[in-house]
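Trainee: Sequence:
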Amino acid sequence: MDPPAQNITSSSSGGLFAPFFIRSQIKNLKAEKRLNMPRPTTREEVLARLVKTVAQGWIIVGAGAGTYTIACQPEIYEGIERARLTHYLLGTGLSAKSVENGGCDLILVYNSGRFRMAGRGSLAGLMPYSDANQVVVEMAAEVLPVVKNTPVLAGVCGTDPFREMRTFLSELKRIGFVGVQNFPTVGLIDGQFRQNLEETEMGYDREVEMIKIAHELNLFTTPYVFTPDDAIAMAQAGADMVVAHAGLTTSGDIGARSGRSLEDCVKFVQDIRDAAHQINPEILVLCHGGPIARPSDAEFVLSRTKGVHGFFGASSMERLPVEIAIKENAAEFKRLRVRLE
394 MDPPAQNITS
404 SSSGGLFAPF
414 FIRSQIKNLK
424 AEKRLNMPRP
434 TTREEVLARL
444 VKTVAQGWII
454 VGAGAGTYTI
464 ACQPEIYEGI
474 ERARLTHYLL
484 GTGLSAKSVE
494 NGGCDLILVY
504 NSGRFRMAGR
514 GSLAGLMPYS
524 DANQVVVEMA
534 AEVLPVVKNT
544 PVLAGVCGTD
554 PFREMRTFLS
564 ELKRIGFVGV
574 QNFPTVGLID
584 GQFRQNLEET
594 EMGYDREVEM
604 IKIAHELNLF
614 TTPYVFTPDD
624 AIAMAQAGAD
634 MVVAHAGLTT
644 SGDIGARSGR
654 SLEDCVKFVQ
664 DIRDAAHQIN
674 PEILVLCHGG
684 PIARPSDAEF
694 VLSRTKGVHG
704 FFGASSMERL
714 PVEIAIKENA
724 AEFKRLRVRL
734 E
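The opening position of the sequence shown corresponds to residue 394 in the working numbering, with each subsequent residue numbered one higher.
Check each hint, because a few of them may be wrong.
Below, in silico cross-link-like pairs of lysine-lysine (DSS-like), each with a Cα-Cα straight-line distance of 27 Å or less [said to hold, decoys possible]:
| hint | residue 1 | residue 2 |
| --- | --- | --- |
| 1 | Lys445 | Lys541 |
| 2 | Lys660 | Lys720 |
| 3 | Lys720 | Lys605 |
| 4 | Lys699 | Lys445 |
| 5 | Lys727 | Lys541 |
| 6 | Lys566 | Lys605 |
Computed beta-carbon distance windows for the label pairs [stated by the list, open to error]:
| hint | residue 1 | residue 2 | range |
| --- | --- | --- | --- |
| 7 | Gly700 | Phe555 | 18 to 24 Å |
| 8 | Ala724 | Asp664 | 16 to 22 Å |
| 9 | Ser689 | Lys445 | 27 to 33 Å |
| 10 | Thr620 | Pro521 | 40 to 46 Å |
| 11 | Arg567 | Phe726 | 43 to 49 Å |
| 12 | Phe555 | Ile719 | 36 to 42 Å |
For the record, the hints were derived by calculation from the structure and aren't laboratory data. Treat the numbers as computed from the prediction; the structure is a model and nothing was measured. All C-beta atoms, glycine included, are put in the ideal place defined by N, C-alpha and C.
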């Protein structure tokens, strides 16, 4: 049996790019060994990897385009004894390739990643600006050919009234996706609009049904949940992992300005974990979104919850680090002076 993971420290000053730390991470996580493994093609293979990781107590992080923020600030992991899984949502093949080279666990592709890389907010993925399910199929051509060893999942709009879902999910499986998540999701919508969606067969129950069908097709399932009731419904549908979604990420140039506090997120995430655990004690639970935007935010929540296995990154992994890196790089060039003589 492999030895337990050690606390990770870096000799760097915590800058955005820390090659020494990333190299040590790859060594500690035995990424070289995993990169020799073929990409999983079944739900069982994905679960086997994750269960083994948790059983060994390994701290798993990803590094690459859009992931340096968490990788270069190891204080997030100090004092956290149980295994943590980091799950990345990506919008480009370069991001996917870089994250795989860093040894991440799961790569997820959905339409909002494309909008974020275009400088638009994540909620553009919920608006009628594109065919969300078709965008994911198109993005498969960008991502799947360059990812050789890491499971790749698709974000699926389960409420899409123009697709026969079993047929569509089978097609996603055929082209190389090994799992799915429910995004775009009506779980981010509330008020009268949400009520009307539920009343007109475009509600969250359609997303639950999509996850159920995906489970029947032997796809790995990792749905977003927003309430304990959602967690129960998804666990009953056969979800392998649930992601407690705390809302739009509240950080960065195109992030939200309002939302839950970190203190509120602790109870929010724990309640969702406890509800899902009642149905399936083996279910994996991750946290995501809202104020959980930076490594210190994730540490705050993870160190105060029990039975939560990790952090699910979207804006915090692919958008915020890019904003910071490009802004600081441009400013550094701009500080150079012209020699006039």
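Trainee: Each hint needs a verdict: does it hold in this structure or not?
Mentor: We went through each hint and held it up to the structure:
1. Between lysine 445 and lysine 541, the direct Cα distance comes to roughly 20 Å. Compliance with the 27 Å bound is thereby established for this hinted pair.
2. For the given pair, lysine 660 sits about 35 Å from lysine 720 by alpha-carbon distance, which is inconsistent with the 27 Å threshold.
3. With a CA separation close to 43 Å, the supplied pair lysine 720 and lysine 605 exceeds the 27 Å bound.
4. Pair hint lysine 699 plus lysine 445 holds up; C-alpha atoms about 19 Å apart against a cutoff of 27 Å.
5. Simply put, lysine 727 and lysine 541 have alpha-carbon atoms about 39 Å apart, too far for the 27 Å limit, and the pair is violated.
6. Of the supplied pair hints, the one linking lysine 566 and lysine 605 holds, its CA atoms being roughly 15 Å apart against a limit of 27 Å.
7. A C-beta distance of roughly 39 Å is found between glycine 700 and phenylalanine 555, which places it outside the suggested range of 18 to 24 Å.
8. The given range of 16 to 22 Å is broken by alanine 724 and aspartate 664, whose C-beta atoms sit roughly 42 Å from each other.
9. Between serine 689 and lysine 445 the beta carbon distance is about 29 Å. The supplied range of 27 to 33 Å therefore holds.
10. A beta carbon spacing of about 26 Å between threonine 620 and proline 521 contradicts the range 40 to 46 Å that was offered as a hint.
11. For arginine 567 and phenylalanine 726, the hinted distance range of 43 to 49 Å is satisfied, since their beta carbons lie about 46 Å from each other.
12. Checked against the hint of 36 to 42 Å, the pair phenylalanine 555 and isoleucine 719 passes, with Cβ atoms roughly 37 Å apart.
In the structure shown, a violation is registered for the earlier hints numbered 2, 3, 5, 7, 8, 10, in ascending order.
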